[in-house]
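Trainee: Hints given; two lone chains; assemble the complex.
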Amino acid sequence: MGAELITVSTDTEFVHLAWKRDEKELADVKYAMGADPTGKVSRLFGVYDEGTGLALRGAFIISPDGTLFNSEVNFYNMGRNIDELMRKFKANLYLARKADEGCPSKWKDDGDKTLRPGPEMVGRVHEALND
Amino acid sequence: MSDEITTVKIGHKVPDFELTVYEPENHDFGKRSLADLKKAGKWTILFFYPADFTFV
Chain A
1 MGAELITVST DTEFVHLAWK RDEKELADVK YAMGADPTGK VSRLFGVYDE GTGLALRGAF
61 IISPDGTLFN SEVNFYNMGR NIDELMRKFK ANLYLARKAD EGCPSKWKDD GDKTLRPGPE
121 MVGRVHEALN D
Chain B
1 MSDEITTVKI GHKVPDFELT VYEPENHDFG KRSLADLKKA GKWTILFFYP ADFTFV
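Just so you know, the protein sequences line up as chains A and B, in that order. In terms of my numbering, the first sequence has 75 at position 75, counting the first letter as 1, and numbering is strictly consecutive. In terms of my numbering, the second sequence has 24 at position 24, counting the first letter as 1, and numbering is strictly consecutive.
Bound-form chain B, shown alone (with noise of 0.2 Å):
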């Protein structure tokens, strides 16, 4: 494991991270970025779940 990854505290900045999304709104894939995201002066709010298929 070369990239170890330290887990963010509250209070501190978030590494800029980037996902690949499925947008239901257009029924097509694209990219959220937290970069991208701090430049539209957004809140992000991240909902982690454990799989799809199951309940939520």
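So here's chain A without its partners, still in its complex pose (with noise of 0.2 Å):
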């Protein structure tokens, strides 16, 4: 989906070479596991714990510009959703093509509606949602 998904944390390349060997929940991953030893990485998107040198659970989306459009952080013991994290990026790539719309809480997918924000709807999002 002309997307690079890279996962990160403090561990050298070498452990997540050694994890991905070991685990056999990890055999499937095709995805580029990104070392970030020194937290340098993870201080530029605030999730880096100092008092445990750790990165906490945070998840974020850059375009092909450099903007960052969305993040999400959550502390160690909660996971984060995978279909929610792809409906926000298949909403920026939509809201790419079509900057004067917005993508309501709903939005999932193409063809889901969506809002035109203007003086007609001031007052009357429930109707522009429900019509």
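FYI, nobody ran anything at the bench for these hints, they're computed from the structure. Hints may be right or wrong, so weigh each one.
Stated by the list, open to error - Taking lysine-lysine and the DSSO-like style, the derived pairs with C-alpha atoms no more than 27 Å apart in a straight line are:
1) K40(A) to K31(B)
2) K42(B) to K98(A)
3) K31(B) to K98(A)
4) K108(A) to K42(B)
What the hints assert, rightly or not - FRET-style restraints, in silico, Cβ to Cβ:
5) T6(B) to E72(A): 12 to 22 Å
6) T52(A) to E18(B): 16 to 26 Å
7) F53(B) to R124(A): 46 to 56 Å
8) E18(B) to P119(A): 19 to 29 Å
9) K13(B) to D28(A): 31 to 41 Å
10) D28(A) to G11(B): 33 to 43 Å
11) K13(B) to M86(A): 18 to 28 Å
12) D36(B) to P119(A): 36 to 46 Å
13) K31(B) to P119(A): 13 to 23 Å
Unchecked claim - Some residues of chain A that are not near chain B, with every Cβ distance over 10 Å (derived):
14) L26
15) S42
16) G51
17) D65
18) N81
19) D83
20) E101
21) C103
22) S105
23) W107
24) K108
25) P119
26) G123
27) L129
28) D131
Built from N, CA and C at the ideal position, the CB exists for glycine as well.
Mentor: If you want it as structure tokens, here you go:
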């Protein structure tokens, strides 16, 4: 889909290799596994925990021109929802083509209802979403 | 701490960064930089997690 997924932790690339080799859950992994042992990239995105030297669970979407469009950061003990990450990614692709529209929270894919902000919508979002 | 890093904000340009990566498909090590990904016209999705050998 014209996107590169990179997973990042503060482990080295050698540990990534060992983990990929040993953990059967990772058998199908194709994405690049990024090593950030200095925490430099983790700090750039605000997910570096100075107390532990680990990265919090963060997901970030960057456009081809280098703009940060989405971020989600969870504490250690809460997983992220991949469907929601993909929904945001698809919405970004859609909005890159239709910059004057907005994707409401229930938007899932091309063809779903979008909003077009303007004077007619002031106080009429309910009607715009449900007509 | 001489080179302090500012956290990038939503809607702002991300400064270039580079990561050494393990590439399972080639079973080799490599590099990924935001500059290269931009040049290739690609979106970049970064997925941080605390540590290998734990659940992600």
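Trainee: State the violated hints by number, sorted upward, taking the hints as numbered earlier in the document.
Mentor: 3, 8, 13, 14, 15, 17
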